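> Build the full structure now, drawing on both the sequences and the hints.
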Amino acid sequence: MSWLFKDPVLLAAVLCTWLPFLSMAVILIFTRHKPQLSSYISIGAVSTSLICALYLLIKLVHVGEPVEYRTAWLIADDIIIPFGYLFDPLSLLMLLIVAVISFLVQVYSLGYMAGDPGFSRYYAFQSLFAWAMMDMVIAPGMLQLYIFWELVGLASYLLIGFYYEKWSAGQAGKKAFVMTRLGDIGFFLGLILLVLGFGDLGIVAMNEAAQAQAIPSYLITASALLIFCGVIGKSAQFPLLTWLPDAMEGPTPVSALLHSATMVAAGVYMFSRIFPFFAASPTAMAIALAIGTITMLLSSTMAMATYDIKQVWAYSTVSQLGFMVMGLAAGGYFAGVFHLTTHAGFKALLFLCSGVFIHEYHSNDMRDIGKGGGRSLKIPMVCMTVGALALSGVFPFSGFFSKEAIMGVLAAYPNKIWLLAGLLGALMTAYYSFRLIFMILFPKKVDATMPHDAVHYHQEKDDKIQIDHEEAAAGHGAAHGHGSSHGHEEGHGNVFWYMAWPLIILTTITLVLGFFQHSLEGFLLGHAADAHGGEGGHGAGHYALLIAAVSMGLAGIAWAYYEFGRKGASQEGFLARLPKTQALFANRWYIDRFLRRFLDRAIYGGLTNVFTRNDRRVIDGGIDGFCLFTIGSGRLFSFLQSGMLQYNLLVMVAAVGLVVLYFVV
Amino acid sequence: MEQVMSTINLSAIYPEIILTCFSLLILLMQSFSTPRFKEYYGYVSLVGVLAALAFVVMEPSSFFAQTVVYSFNDMWVVDNYARFFKLIFLLGTGLTILISMKYLEDEAMQYGEYFALILFATIGMMIMASAGELITLFLGLELMSLSLYVLAGYTRVRMVSNEAALKYFILGSFATGFLLYGIALIYGSTGTTSIRAVAASVGKYGLYSPGLVMGMAMLVVAFGFKAALVPFHMWTPDVYEGAPAPITAFMSAGPKAAAFAAFARVFMEGLPALQMEWTWLIWIMAALTMTIGNVIALVQDNIKRMLAYSSIAHAGYVLVAFLAAGELGISSVLYYLLTYTFMNIGAFAIITALSGRGEPRVFVRDYQGLGFQHPFAAVAMSLFLFSLAGIPPTGGFMGKFYIFSAAVKEGYIGLAVIGVVNSVVSVYYYLRVTVAMYMEEPSSVREAEAAAPIFSPALVIAIFISAYGVLSLGLFPSSYVAIVKQSFLALQ
Amino acid sequence: MVSLNSYLILGAMLFSIGAVGVFTQRNALIIYMCIELMLNAVNLTLVAFSRFLNNLDGHVFVFMIMTVAAAEAAVGLSIIISLFRNKPTVNVDDINLSKG
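Sequence lines, in order, name chains A, B and C. In terms of numbering that gives the first Met the number 0, the first sequence is residues 0 to 664. In terms of numbering that gives the first Met the number 0, the second sequence is residues 0 to 491. In terms of numbering that gives the first Met the number 0, the third sequence is residues 0 to 99.
Hints in this document: simulated from the structure, not taken from any laboratory. Keep in mind the model is a prediction, meaning the values are calculated, not measured. Certain hints may be false.
[Claimed, not checked] Reference listing, derived: stretches of chain B covered by chain A, where coverage requires no fewer than 3 residues with Cβ under 8 Å from a Cβ of chain A:
(1) 224-237
(2) 288-302
(3) 460-470
[Said to hold, decoys possible] Taking beta-carbon pairs under 7 Å as the criterion, some of the chain B residues facing chain A (in silico):
(4) K166
(5) V212
(6) V219
(7) V220
(8) L280
(9) V424
The beta carbon of each residue, even a glycine, is placed where N, CA and C say it ideally should be.
As structure tokens, this is what we get:
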């Protein structure tokens, strides 16, 4: 073990990535029945990880070359599959993001999950997630990345289905698992293709080879497209985007951590990880750009039609992920990663704020929260507004800078249609976020009758969630210690502040992060950034673009104010007057229904039938026959093994005779 | 590769000397001390094993220096190949001692002979691994076998144990007769008993004398018997079933590896010129060994007997690698034997813990519901069984992977296919135990009589070491492969 | 002078007699005697080779074999005795608890 202590960097890396695993093991094996202790173990582990991640960043910030510790695993002839650690600016940055958000969310959960019967289990899963995510981030090879990618998916599945007694939670977990797996099949096929065609799954080697055109271009395109399927699944891109809103069945801190800030960003991270590899294939990049754009626009429209606050942020996450993919696919490596970073901060903030409301009012419906007096919770209200401003891309919040960067890249792209799509997206984003804010901030006094047909779907769903939530709360209501009876900041004690502090920290990050754009850019791009002054967007049209983007955001806010904020506003929105469109948006453009029908018709109806028949007749029959034969011969040989000494001797002599015969002949 | 030649080099046998001293010390303790010392025999022998281990790794120059030391007029060879095998033996011995202590206490049979005999058997194995001479080889083999005959019958009040000892003894002596006759014939044909001189003689004259070929046939019989290869396997299930559980663990790991060590040294170093002669024989034996071992194991209810057949099957896998005698082949033999030591002794550690006094609970049905009553034991047992079945991410999987890829590389594709089919078959009976542990309700009979099996700290340590070995061999094979490859280089 | 082949043939015959005896006899003690006969056949062969090769290795080997055989006798007889205590028989046909 002495090699471990000789190199502080390696030691920090090992501590950083493996302590959460240790904590999970300890919690699952030993401290399952001591919830308080479990949470301290988990938080202790993740805070150590955070310190180590910071240390690594500081230590390696000026190292130009990627630092790699690796052992080749399973050497078979000319195939190289490295395992270990790879530290370059990107992985260091992502490691820090994961560590920070994990830490904050775990602290927040002390308040949010207090008294839950599955408290220890929750922290065990959180640790599992932290471990898997961190090991994925620092993977030097695609196979390690893939393994931990799947483990992250497992953690996501477990946490979505955390309230497993709730039917819909179990369903949502399954849906998330199956849909992401669908993408992962493509991912894995891509890796196999790459192993066969190229023989090295090292990330650095892949990127260098792709840039040096050492890999045939058809191979790059094919494998890049297959690998992109993984991104589609994990980052909820079109057409596999509907699992993410359903994943909101999990506890809100989980949504903040996994389903907005880090796990779903894993797809985007992987994209940027092998960005030079993707960039070597224009076809793959074009397809990625199209998919990112479609995703962004579709999910923005969906967000306009729902009343569930978590759903709004979920759709918004999907659309922002689409936006990142757009940025990356348009060639803006830094822009994409920068937006990933800022988004992690402000989206986690938005979810955590929503969590406070949900915790207080036991409802996900923004109208209920508004009526219940949501504005009286000052800290979360302010923080949420800051988050929404950042999301809308308003100066000086972090979202402004990163959105600007992506817009710049899109503007530099020859075809301006993508830029228009981006601006449209910005408009819708501002609209739906402030629709939510205004609805909570200025609740409508008169309870007008709702257009029931149009929102039927969601109404029902929300009610169900609400009821279940209340039941769950009643189940352990005593432990909760604070019902909806006192909905104010005063007298909440620790529980409230556990939840408030992370909000304040994240708000601060959201406020200041944008101003670090240039140092981050220098860090991520190395010296290349200095040479041509960063990428894209600094041309003549820069200011025009800037104004256009910001005015889009402001227009969205104004529109939302007109419909929801001002006195006497109907709070119905333009969609209520377009019931058909509303239904379309609310039903997620019927993507689910289409997939369902596709499953029923093509898969269950056609393919499955054939396979089932084949399974029953040929495979099962064959296996049954084989088993009967094997067991039968087992009985026969076993019978021959009589255990009589003389018989044994006789067999041996006969065998000797045969051996001698063999040599003589 | 540096070669150190000297007539007598005592430092080459330090590990063996140390072990001898410790086993004598235990016998003396037994004779002269008060009965309350009997708890310490195990620890004393453990210290001896650790000391010998230290010397194997360090002496006379380090493992990685690739030195080959010949001493006692070529009768004794210490190369990395021998060192690696000694490592396996000492590991197996240490683990066996750890799992024996509690067992002996429960059976009220804490005598010093037990540990002394285990150490003597280990010395015998080490002599086999280092023998540069057929006479030395014979002495080592006999030292090992005689100790094992006694150990198999160690619980002397139990009839099955006596029976195991008697069967093992008679069949083993019979096999010894063949070994000796084979050695005599080889001696007669080549005029020497030194393995290297035999190789030189065979190489020089290109002999196809009937004496030499007959001698080789006899050696195949003898080694086949010791390594439990079909059709010389008949003793294995009976002896494994009857012997005390820790001894079964011991026999399935060390002596089998020792037989392979000697087998490989004689055939690869002494008789490579005749390889064409024995290739097909080994091919047939490997196929038979894998198939018959697995097929009979399918219908066993006694878990010790099941693992006995499984150990036969595993010898078959090793034989496949042995046949693919390239660099990859021999290094996968070493890799697999190391893995097998961990996983099999691990599994037997659990069996030892659960068997109860007089070993009444050794049937698959006794494992029903274990997953709920003793989760730790059940998890560990599942891990070892998965490894035996060759399921990733365990060492058993990597071991099989290396073996079959070696076989394919050397062109034995048919054998590799047979091997893979056999591993699939074997999953059935390994998982049967896991299924019993997790998915079946404990039978009421068991509930009534179940005295909680007690894990002693030593046993738990043994289980942890085995589990660590199985997992690290499966997850981080490259470092082990590096060592194994160096061990192979020494053989040439 | 007797030729080498005569010794070898005698040795082979003794060995075969021993081997056949081992699996035809039912008495554990007699089986053990047959095994001793096999070992002695080997001794004879070795000594013959040694004599005709003018090489002392064979002689040395014979001493080793005799020593080991003595040890083996001690172990074997004690095993038979301990079995006899549990079940008063030396007939190996009566000893088949484990099978299958």
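> Each hint needs a verdict: does it hold in this structure or not?
These are the hints, each one checked on the structure:
1. Beta-carbon proximity to chain A at under 8 Å applies to 7 residues in the region 224-237 of chain B; the threshold of 3 is reached and the given coverage holds.
2. Counting residues of the region 288-302 of chain B whose CB falls under 8 Å from any CB of chain A gives 7; the rule of at least 3 is met.
3. With 0 residues bearing a CB less than 8 Å from a CB of chain A, the region 460-470 of chain B misses the requirement of three and the coverage assertion fails.
4. Hint status for B/K166: holds, given a least beta-carbon distance of 6 Å to chain A, under 7 Å.
5. Hint status for B/V212: holds, given a least beta-carbon distance of 5 Å to chain A, under 7 Å.
6. Checking B/V219 against chain A by beta carbon gives a least distance of about 6 Å; that is within 7 Å, so the hint holds.
7. Interface hint at B/V220: satisfied, since its Cβ lies 5 Å from the closest Cβ of chain A, which is below the 7 Å cut-off.
8. Because the smallest distance between the Cβ of B/L280 and any Cβ of chain A comes to about 5 Å, under 7 Å, the interface hint for this residue holds.
9. At a threshold of 7 Å, the smallest CB-CB gap from B/V424 to chain A is about 6 Å, leaving the interface hint in force.
Hint check: a violation occurs at hint 3 only; the rest are consistent with the structure.
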